[in-house]
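Spelled out from the first residue to the last, the chains are:
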Amino acid sequence: MDAIVVDGLEKTYGKDTRALDGIRFSVPEGQVFGLLGPNGAGKSTTVRILATLTKADAGRATVSGHDVASQAGAVRRAIGYVPQASGVDREATGRENLLLQGRLQGMRGADLERRTGELLETFGLADKANALVKTYSGGMKRRLDVATGLVHRPHVLFLDEPTTGLDPEARAAMWEELERLAAAERLTILLTTHYLEEADRLARRVAIVSRGQVVVEGTPDELKRELRGDAVTVELDGADASRAAEVARGLDGVHEATPDGRRLYLRVEHGAQAVPVILGALDAAGAGVHAVTVSRPSLDDVYLHHTGREFRADDEGRA
Amino acid sequence: MNVATETAYLCGRVLRNLSRQPIWIVVMVVQPMFWLLLYSQLFRRITDLPGFGTTSYIDYLTPGIAVMTAFFSGSWAGMGMIEDLDRGVLERFLATPASRGAIVFGRILESSIVATLQAVLILVTGLALGATNGGASGWLVILLASFLIAAGFAGVSHGVALRTRQEASMIAVAQFIGLPLLFFSSLLIARQLIPSWMQDLSLLNPVEWAVRAARGEALPGTDWGEMGVFLLLLAAFAALTTAFATWSFRSYQRTL
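Residue numbers (my numbering), protein chains in the order written: chain A, 1 to 319; chain B, 1001 to 1256.
Mixed in with the good hints there might be a few duds.
[Unchecked claim] Part of the chain B face toward chain A, derived, beta carbon under 10 Å:
id	residue
1	1005
2	1009
3	1016
4	1017
5	1020
6	1027
7	1084
8	1087
9	1089
10	1095
11	1097
12	1253
13	1254
[Unchecked claim] Straight-line alpha carbon distances no greater than 16 Å define the calculated EDC-like cross-link-like pairs of lysine to aspartate or glutamate that follow:
id	chain 1	residue 1	chain 2	residue 2
14	A	134	B	1084
15	A	141	A	91
16	A	134	B	1083
17	A	224	A	197
18	A	55	B	1083
19	A	15	A	67
Quick caveat, the hints were computed from the structure, so don't treat them as lab data. In this text, a Cβ means the ideal position worked out from N, Cα and C, and glycines have one as well.
Work out the full structure: start from the sequences and follow the hints.
Now the structure itself:
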């Protein structure tokens, strides 16, 4: 059975901010699934609907077999929700946060005590269990957030941008915790992230989300394999790159050429070999070049490849 | 799991957090005593005028200061709600099966408990200054009036907080209603000394209901019927504003 089924969810904020536009995907039980996309793509909105915090305008979704709109209570008992912005109480200790969360989930007595101790241990918070959360480092606070989502042993865990804002060291530590967690607790985890690396490391399957829809879904390897080679960005002197794109498409070793205003994005077999050829061809065609950069494929490129738009362009929407 | 248990847990959380703020505690303890001392000295000779029903201003003033303190405690309560809202604490609660009502009730109960504890302090201070306030039953009525008036204005405050979601707006509203409601009552001065149109209007003021109920036994000539009516009005006011806060909470949820 699928632990999460999302079927054509739509959501519009205000008059014309279209956050979700028929998003559709499903996650089998016990799998870690990554929703990948820039801010404003609709990832958080999707998670918030699944966590029963907000309602979709159209479409339906189930979590652990319960409809998120009509069986919100059952969904809330089945899920752990770790929001993007930490929701822990800064004026309370780590232990108090976990105890209250467990009580609100209906846990009591020895079972709650045991589970709290276990989580503090697992997440390396035992030493600071009785210190106020406001004295925690960013990484510790985030680990407490995740622990809070796990107190009542949920079937499904939602992690909304679990490592955004963490320094690289804390991020690496968090990844280790999450990997261990996924293996040990047999949880279904829905992870949203805008780090390709994070999805690559943690998720078995990934869906790339853009403007409220899934544009491509697959394992991280499948997605990367599609993008072998290098990314070349050419900034032109002239105003329009579409002529230049036509020229570049005819060249050997160029897989793809996407114009975007004065910029030209290329996917090539081998960057260093392709650049002189491209520059020569553009020069011959009379297109003046301002700058050229070569890079390894990144999320930007996966995103560009599947949407024809630059990653940052979606950033202006709602997070 | 029922609403009462959840309310207790959520209220306990806020009280515990407050108990860790030494400055907050000092101000909450000292300020009502300070009001009592200051006003009782400032207006000491005022009972030379007729209409107070007593020649001891401290007897007249103590129930009023308890009500005033509870009123302030309630009116500013929404600030805590805004903080929880900004820090994502409310959302975390909302993703649990906990009752939505308990989230609001816990906060309102917090103000009432703080106000009642302050009222106890005020009564003890008053006693030290010579105000007996009608003994045990008088004390109980003062505590009850403090509890209810704090709940009533906490309901207003949380409702406003959940609608404006901005500290500056919240502060503006609390200040706007604060002093006018205090002065539109017989809290500091005998009712007979207030212009009669103000006396009439003050009957619409929940602060006046609380003052009249709280003072009922402190002064000679207790009218239990009148006190009962004012206490009932206060309870109705608290129920109404709690409903307003809960309703505002729903409308906040819809905007998520």
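Hint by hint, which ones does the structure fall short of? 6, 18, 19
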